[in-house]
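Undergrad: Here the protein sequences come in this chain order: A and B. Residue numbering for the first sequence follows my numbering, beginning at 1 and increasing consecutively. Residue numbering for the second sequence follows my numbering, beginning at 1001 and increasing consecutively.
Please note: incorrect hints may appear among the correct ones.
To be verified - Residues of chain A placed beyond 12 angstroms of chain B at every Cβ, according to the derived structure: (1) 60; (2) 61; (3) 161; (4) 170; (5) 171.
Stated by the list, open to error - Chain A regions said to be covered by chain B (calculated; three or more residues, Cβ under 8 angstroms): (6) 132-145; (7) 150-160.
Calculated from the structure, these hints are not laboratory results. Here a beta-carbon is modelled for each residue, glycine too, at the ideal position from N, C-alpha and C.
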Amino acid sequence: MKLRTLQIGVFALLIVAWYLLTAPGLLPALYFDQDNRAAFFFGEPQKVFWVVYEWFATGDIFIHLAVTLLETALGFSIGALSGLAIGLWLALSPTASAVMDPYIKGFNSMPRVVLAPIFAVWFGLGIWSKVALGVTLVFFVVFFNVYQGVREVSPNLIASARMLGASRRQLLRSIYLPAAMSWVFASLHNAVGLAFVGAVVGEYLGSARGVGYLILQAEGTFDINTVFAGILVLTAFALALDTAVGAVERRLMTWQPRAGETEKV
Amino acid sequence: MSQNGVPALALADITCRFAARDGRGGAYTAVANATLEVGKGEFVSVVGPTGCGKSTLLNVAAGLLEPSSGTVSVFGEPLQAADGVNRRAGYMFQADALMPWRTGIDNVIAGLEFRGVPRAEAIAQGEEWLRRVGLAGFGDRYPHQMSGGMRKRLALAQTLIVSPDILLMDEPFSALDVQTRQLMENELLALWAEDRKSVLFITHDLEEAIALSDRVVVLSAGPGTRPIGDFKVDLPRPRDVSEIRMTPAFATLHREIWAAMKEEVLKAYEAQKVA
């Protein structure tokens, strides 16, 4: 609880510093030659929060937020599931993995954000071009972690399960999947952020709805406060999604030893 | 050596060659022309210097490793790599082979689960086995919450619950402290006495080998390991491993087998020093 207080304290401190440094006429201008320049470039916290409040109070934001969250959720789940499936497949089939190796490496090292305009042509300006971008970003993170996770399963454990009579399918279910799970969750935390990147960058390049679209519109009119409001809302939801992943992780990974864990009597 | 008909496990003329890791240089012959039999209900220990290929031999017997040449027969039937592992054998590993994501009871019943035994029945049997290895009430703990000795008991229950006809053990107690180890050895003997499975027990500890076995096989130093001595241990059963070490008969046997083993141990030591 004390930790939470300190965390909120840091947030408050940042906001206060932001306010002090940007409020026109409050402090002598440090860098800019005019009083209101800082506010123009960096926005003002009270105005940012006001924009956020108005968005939620009037409900204007809901349609945009819903679109962005839907794109993110779809990109995240399709990317993570296909990364898991293909990661398992390639890790367990040495031939396929050897054949696909240069292609996987190539796709991974490609700056995949440049695919966004192509996706816009292929899938149109609706949600699917954004989902596609999110999938290409999420997929590789999860894929490489699953691949690595399966490769690192102790050979002893596999031999033991085989001696106990496990079939190939049972090995997959009882050994490979659970062993890869800790790696998968490590990657999912990254994947949440990347799914948001996919959605927002996609919206930025061409859309009629979404928080990325709102940000783009505001930028067109130099409305920095609205831009920051959009960023704030996106960050809050990314954090919430990450927390959700963490909660699922804690639930599924109860077996993992925690450092310095003692039993309460 | 097999007094009572077909041996439970027969390794005939086994050779295992491994390709050199860097692709050049000669292949490494871990085991050469090794022949070994374990009769029905017989407890056989294999001792040898470190790094001599004891585990290789055991993996061949388990069907986990295909020998370069030679045959493995299980109750008279040849073991073929295409058919997978040795279905009639249970294997207890040197290192931990428990599933860290499963609780004690779920680890114990893994073998039954793989065989499609209904869960309620498997749990009932699992609880019974936990009781037998002295872990009653610990079924809901994860392996990392148990001590080294408890994990070994769990592994023993996991291996025995599917009642394998042959028990392969690869230095199962080598990581334990001396006291726990003697306790585990006595418990193993007590469990073994109940239904006399055939056991192939690998160890580098000669005292452990003599205290547990009906027969002790001595391996030569690697490379090209093969059995060089075969000693019958006719100490009375049931035995208490800590007490039997004090008897004169044990000392005589120990002296006799050590004489055969000593030279090989020194050879292995020299080879390691050079390498």
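Undergrad: Against the structure shown, which of the earlier numbered hints fail to hold, in ascending order?
TA: Hints 3, 4, 5 and 6 not satisfied by this model.
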